[in-house]
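Each chain, written out:
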Amino acid sequence: MIRAVFTLPARLALAGLFALILALPARAIEIQQVTSPGGIKAWLVENHDIPFIALDVAFKGGASLDAPDKRGAINLMTATLEEGAGQMDSQQFAEAQEALAAQFGFDVGDDSLEVSAQMLSENRDKSVNLLRAALITPRFEQTAIDRVRAQVLSIIASDKTDPNAIAAKTMRKLAFGDHPYGTSLNGTIDSVKALTQEDMFDAKARVMSRDHMVVSVVGDITPAELGPMLDHLLGDLPAKGAPMPAAITPNLTGGVTTVDFDSPQSVVMFAQKGIAMSDPDFFAAYVLNQILGAGGFSSRLMDEVREKRGLTYGIASYLVDKDLAKTWQGSFASANEKVAQAISVVKEQWAKAATGAVTDKELQDAKTYLTGAYPLRFDGNGTIAGIMTGMQLNGMPISYITTRNDQVNAVTKEDIARVAKRILDPSALRFVVVGRPSGLN
Amino acid sequence: MRAFLVALLLLLGLNPAMAGDVSTFELPNGLKAVVIEDHRAPVVVHMVWYKVGSADEQRGKSGIAHYLEHLMFKGTDTMAPGELSKTVAANGGSDNAFTSYDYTAYFQRIAADRLPLVMKMEADRMRNLRISPDDAKTELQVILEERSQRTDSNANALFSEQERAAQFLNSPYGTPVIGWRKEMEGLTRQNALDWYHEFYAPNNAILVVAGDVTPAEVKTLAEKYYGPLKPTEGLKPRARPQEPPQRAARQVTFKDDRIAQPYLMRSYLAPERNPGDQKTAAALTVLSEILGGNQATSVLGRKLIYGDGTAIYASSYYDGMSIDPTTFNISVMPAKDVSLPEAEKALDGALAQFLKDGIDPDQFARIKTQVKAAEIYSRDNTQGLARRYGEALASGFSVQDVENWPDVLTSVTEADVMAAAKDLFQARESVTGYAERATAAPTPVSVPMAPPATQEVTQ
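Respectively, the protein sequence lines represent chains Z and C.
The numbering of the first sequence is my numbering, which starts it at 1465 and goes up by one.
The numbering of the second sequence is my numbering, which starts it at 309 and goes up by one.
These aren't lab readings, by the way, just hints derived from the structure by calculation.
It is possible that some hints are incorrect.
Claimed, not checked - If you anchor each label on the Cβ, the simulated ranges turn out as follows:
hint, chain 1, residue 1, chain 2, residue 2, range
1, C, Phe333, Z, Pro1702, 57 to 63 Å
2, Z, Thr1601, C, Glu391, 54 to 60 Å
3, C, Gln498, Z, His1512, 55 to 61 Å
4, Z, His1512, C, Lys428, 35 to 41 Å
5, C, Asp665, Z, Gln1496, 50 to 56 Å
6, Z, Asp1700, C, Asp670, 28 to 34 Å
7, C, Asn582, Z, Thr1847, 33 to 39 Å
8, Z, His1512, C, Leu477, 51 to 57 Å
9, Z, Thr1847, C, Asp670, 31 to 37 Å
To be verified - Below, simulated DSSO-like cross-link-like pairs (lysine-lysine); rule was C-alpha separation at most 30 Å, straight line:
hint, chain 1, residue 1, chain 2, residue 2
10, Z, Lys1772, C, Lys428
11, C, Lys664, C, Lys676
12, C, Lys680, Z, Lys1590
13, C, Lys428, C, Lys538
14, C, Lys563, Z, Lys1657
15, C, Lys653, Z, Lys1657
16, C, Lys428, Z, Lys1825
17, Z, Lys1831, Z, Lys1772
18, C, Lys587, C, Lys664
19, Z, Lys1816, Z, Lys1877
20, C, Lys445, Z, Lys1811
21, Z, Lys1624, C, Lys644
22, Z, Lys1590, C, Lys676
23, C, Lys544, C, Lys369
24, C, Lys490, Z, Lys1772
25, Z, Lys1816, C, Lys445
26, Z, Lys1877, Z, Lys1825
27, Z, Lys1704, Z, Lys1505
28, C, Lys369, Z, Lys1772
29, C, Lys563, Z, Lys1772
30, Z, Lys1811, Z, Lys1831
31, Z, Lys1657, Z, Lys1737
32, C, Lys428, Z, Lys1831
33, Z, Lys1816, Z, Lys1637
Virtual Cβ for every residue (Gly too), placed ideally from N, Cα, C.
Same shape as in the complex, but just chain Z (with noise of 0.2 Å):
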């Protein structure tokens, strides 16, 4: 089933966002590392304070493992993994989770294919037997495949009428070419017409491989529970999956690409190279772009184009960390005849960004919210699994909890200047405008 959902200007951005946005407990959080018997790792935090339990199963990849001409492939087969598996069709297995109660969500990204559940401890035995059905043991029938595809079909025409959509679609083309980040994980109209329910086996053998799997749990489980459990769960996944993409710099040079559509307001994308977060300038270049306008109504962007001159109802720019390529890149939108005005605002503080200056207070300030927010982070068992199995995709250590601040108040200015003039570059900022603008070269 796909749940439909509007397309953000920023989703591209946003799923890399999600990434580094990890977090410091507010409450003391006790990450265990759990291994099964049959060798399956696992990231626990153990909380029985309510009686269920939040579990998350990642597949590093993603759509990226599409196989060449079967784009679209995966996108529609991690849809249809619930409309039947094992000796139950769509509605069968529905009416199973329903009487359940547990709540099953699979999503892919362009770099991950993501299982969460939450399950009632009362009902956990029999909850994990129907979502191993649907990892294992899927059917894939032809009348469900055709129910979703339909759904995926209207997603992507519904995508060309969508300013934010094309503004996305245009700039990942520009940025990333033939590269699977530079189309859309949904596919076009032509290549899903064409996938097959042998295509949809192939796509779940590319990426739902142990080789690429993390494993998070929160709540009502103990370690001793938790590892028979996994192994059944997951232990018949295949051990190896398709190999990964290989990473790409996007190409990026500065200008504005204007795509025309009827609409009264001009949708903004913008976009150069970013930094990993493996970079040691990484934290400088967070709390600059924190500076710069991630800061919500504290940001030098919204500060400049929506405050002081009512050009936007919003703007913020984000660090995009994927996992084979970085762009630093931001949106907004703005009546036709003011975008231009609101381009050169922003095209000003990027050049200013670029110079590395920032005064002591936006410093100190930038700290004190991003220390000050980490730990606030960590509010529910969904929200914590989801945390944890970012980390482990990007590979970072249980111990990045207990460092993350420090390292972002050990940033000096120094090391934003540094940053600074070594990212970010005003004369290769692509902006992509879609609408009517005025005034635009």
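Given the structure of chain Z, go ahead and fit chain C onto it with the hints provided.
Just chain C now, with coordinates in the frame of chain Z:
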């Protein structure tokens, strides 16, 4: 499935006895407060809900409630414009505000030891707001951009707006929360200040504090910061123009080339939850889940998607939390090669069949199971709980109403649901909207089925 449970969680109302200790107090100046304890994490959510929303606006001034909500961030005698948000951020917290038909709310989420700081600032702007003419002018541009972004650039939102306007002839629920553009353009700083001075007062507000706090410390702080504020004398009861009986089914046809794939929306005038009387609304809440909650197991999903293949999406939506009568909504996106009139006929056939056949007892039992499970899952979300109390109390409900809601919901019988359905599905009280391309459609496309009418606008 997740979508289904989440929807239930939103509508359920939660069981406070399980979710944490809930207590209340009232200050002499009329401020009512709710404290929800959750000591799992040293975090607090601080909210102030004003018992005024866009449905309380004067005709011709649509959008003033939301405009003022934006201007509430423009400073006081002791705070510079934007200082409140910057201070919250500098302390690691987040803040925002939202406006709906029936209320306007402001909130911060921050480390529990910073509660005095945010309470001091929130109390300050309850009575001491200052708005410079320049800020008022700039912010008017911001809300016009907001309308452009969220409504005028979004064909689905425009369609929903038309559908609601067609449903409500006289009730202010037919006017969008953000306002009609022409009227927004004419809003003035003085309009905003008049609104503010009348409605922003302790005796028109609900304070909700949830998280790692005790009722005693919240009360002490509230007495210190909110206690000295003067109430507005002579606040009038909230009596809005009421909807007359609807005597004619209405049709809306919305054409826009940004509608990629045609779909239809059907709405019916529906009763709302009432203080002390929530039974009908509970039956309608369950009815909505039975008809269109889960695509694979609901009545409309089985019939239209899995049965004859008429539709690729079918869903229903109802939220009874409302001061005046509201709507029950159904959306259907036809499959390729099925026309909107054909889909409408299939929908009517499915509804008639349902009224005749009644409820599948297995489905009814599964929904009851989920209602109970939602109480467990919802304990994981303190902010959601805080919101539930704030929304209810700002809409005139009591704490007791909120606490009774889960029981009212679980005691709904099949007969209650069928009786509510029979009353609800009166063609003469309906609006049927078609959304389609203005020019001949090349390829089929989709509009995602978001729940209709979020009815809420954020700062």
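Now for the hints, and whether the structure bears them out:
1. Phe333(C) / Pro1702(Z): 57 to 63 Å: holds (60 Å)
2. Thr1601(Z) / Glu391(C): 54 to 60 Å: holds (59 Å)
3. Gln498(C) / His1512(Z): 55 to 61 Å: This hint holds: roughly 57 Å between Cβ atoms.
4. His1512(Z) / Lys428(C): 35 to 41 Å: The hint (35 to 41 Å, Cβ to Cβ) holds, given that His1512(Z) and Lys428(C) are roughly 37 Å apart.
5. Asp665(C) / Gln1496(Z): 50 to 56 Å: Given a distance of about 52 Å, which is inside 50 to 56 Å, the answer is holds.
6. Asp1700(Z) / Asp670(C): 28 to 34 Å: Given about 31 Å between the Cβ atoms, the range holds.
7. Asn582(C) / Thr1847(Z): 33 to 39 Å: At roughly 35 Å between Cβ atoms, Thr1847(Z) and Asn582(C) fall inside 33 to 39 Å, so the hint holds.
8. His1512(Z) / Leu477(C): 51 to 57 Å: Given a distance of about 55 Å, which is inside 51 to 57 Å, the answer is holds.
9. Thr1847(Z) / Asp670(C): 31 to 37 Å: Hint holds: Cβ distance 33 Å, inside 31 to 37 Å.
10. Lys1772(Z) / Lys428(C): This hinted pair holds, its Cα atoms lying about 26 Å apart.
11. Lys664(C) / Lys676(C): Given that 30 Å is the threshold and the Cα spacing comes to 22 Å, the pair holds.
12. Lys680(C) / Lys1590(Z): holds (18 Å)
13. Lys428(C) / Lys538(C): The given pair, whose Cα atoms are some 15 Å apart, holds under the 30 Å limit.
14. Lys563(C) / Lys1657(Z): holds (28 Å)
15. Lys653(C) / Lys1657(Z): holds (29 Å)
16. Lys428(C) / Lys1825(Z): holds (23 Å)
17. Lys1831(Z) / Lys1772(Z): This hinted pair holds, its Cα atoms lying about 24 Å apart.
18. Lys587(C) / Lys664(C): Since the Cα atoms of Lys587(C) and Lys664(C) sit roughly 22 Å apart, the hinted pair holds (cutoff 30 Å).
19. Lys1816(Z) / Lys1877(Z): Given pair Lys1816(Z), Lys1877(Z) holds - Cα atoms ~14 Å apart, limit 30 Å.
20. Lys445(C) / Lys1811(Z): holds (25 Å)
21. Lys1624(Z) / Lys644(C): holds (17 Å)
22. Lys1590(Z) / Lys676(C): holds (18 Å)
23. Lys544(C) / Lys369(C): holds (19 Å)
24. Lys490(C) / Lys1772(Z): With a Cα-Cα distance of about 23 Å, the restraint between Lys490(C) and Lys1772(Z) holds, given a limit of 30 Å.
25. Lys1816(Z) / Lys445(C): holds (27 Å)
26. Lys1877(Z) / Lys1825(Z): With a Cα-Cα distance of about 11 Å, the restraint between Lys1877(Z) and Lys1825(Z) holds, given a limit of 30 Å.
27. Lys1704(Z) / Lys1505(Z): holds (16 Å)
28. Lys369(C) / Lys1772(Z): holds (25 Å)
29. Lys563(C) / Lys1772(Z): violated (37 Å)
30. Lys1811(Z) / Lys1831(Z): Distance of about 25 Å is within 30 Å: holds.
31. Lys1657(Z) / Lys1737(Z): violated (34 Å)
32. Lys428(C) / Lys1831(Z): Roughly 23 Å between the alpha carbons, so the hint for Lys428(C) and Lys1831(Z) holds.
33. Lys1816(Z) / Lys1637(Z): holds (28 Å)
The structure is inconsistent with the numbered hints 29, 31, although it conforms to all the rest.
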